[in-house]
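Participant: Start from the sequences and build out the full structure, keeping to the hints where you can.
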Amino acid sequence: MKSLDELKAIREKVQGTIGMRYEGPEQTRVVIGMATCGIAAGARPILAAVAQMVQEEHLANVNVSQTGCIGLCQYEPILEVMEPGKDKVTYVNMTPEKALEVMRMHVKGGQIVRKYTVGTTQK
Amino acid sequence: MMPEISLNILDVAENSVRADAKLIEITVAICTKEDTLTVLIKDDGCGMSVQQLEQVQDPFFTTRTTRKVGLGVPFLKQAAEMTGGGFEITSEAGKGTKVESVFRLSHIDRMPLGDMSETIYTLVVFNEHTHFRYTYSYDERVFTLDTREMREIVGEDVSFSQREVSLFIKDYLVENKKEVDDENGGKI
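Protein chains in written order, with the numbering used here: chain H, 1 to 123; chain B, 1 to 188.
Derived by calculation from the structure, the hints in this document are not laboratory data. Incorrect hints may appear among the rest.
[What the hints assert, rightly or not] Listed below are several chain B residues computed to face chain H (Cβ distance under 7 angstroms; list not exhaustive):
no., residue
1, L7
2, M82
3, E118
4, Q162
5, R163
6, S166
7, F168
8, Y172
9, V174
Quantities reported herein were computed from a predicted structural model and do not represent experimental measurements. The beta carbon of each residue, even a glycine, is placed where N, CA and C say it ideally should be.
Facilitator: The following block contains the structure:
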């Protein structure tokens with residue numbers, strides 16, 4: 001059995017690095033819909049994949065969180081990107097692969113991925 | 001319908017988070033002798049009135065204002081009942097809510113348990129201000145994850161979403177569940 005003892009060693013290791021994570025107005029927020037509709041449509045692995053990328057690439061200015069029902073259940077899973085000072089962009093019918101593409105192109109690269117946005121899909 | 005029991009658990013536990021629970025206890029217990037898979041979700045959140053408790057099992061009730069249906073609890077109830085199992089929800093305003101569902105393990109309509117580790121990981125890492133106690137048992141074998149113990153070790157200033165901590169939580173859940181499963185007949 002894996003025990004909590006390992007966590008003590010991790011605590012020692014990361015103690016110096018804490019305080020890197022901050023929540024401020026300069027942060028980009030990535031929000032994933034995790035109500036019944038989102039979960040049923042496959043939001044859980046998307047949240048896990050996005051969080052893993054943020055952790056692995058040390059994207060300190062990105063905050064990943066979950067939200068309830070956005071009101072567009074038929075387009076779930078939904079991922080919203082909120083950059084400071086810019087309009088919110090809503091991505092629909094997400095998969096883990098598409099979400100990671102959005103993370104690379106938009107959140108990191110600053111380019112909105114039009115083919116996945118709600119405006120494009122509704123037309 | 002949800003394709004996995006673990007997704008129903010995530011969904012119903014999110015209700016507990018929104019009910020401002022301080023502690024959410026989630027138990028998954030597999031008992032081959034009695035041919036049951038029992039799921040218990042218990043919180044100390046705001047609870048429900050008698051009237052709300054009746055309404056919550058009705059798919060056309062929700063506290064949300066964005067749409068007119070609330071399917072979380074009805075989905076779990078249906079999933080359990082279609083295996084010939086049972087479902088019970090009890091709640092007291094100001095005290096908390098308990099949701100218990102029993103699935104008949106060998107029933108053809110019992111959906112797979114699914115990725116329980118990812119469900120618990122999601123709850124724990126994205127709701128850091130809520131404590132979770134998760135117990136997974138398969139016949140005689142048991143393992144538990146209690147975020148109060150984890151918090152005591154890492155302290156208040158280290159986030160569960162910190163990379164190393166997060167990876168540990170993921171591995172702890174996956175490896176310990178696998179060990180419990182392997183002792184028995186394998187994955188449910």
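Participant: For a quick check of understanding: which of the numbered hints are violated here, in increasing order?
Facilitator: Violated hints (numbers, rising): 2, 9; every other hint is consistent with the structure.
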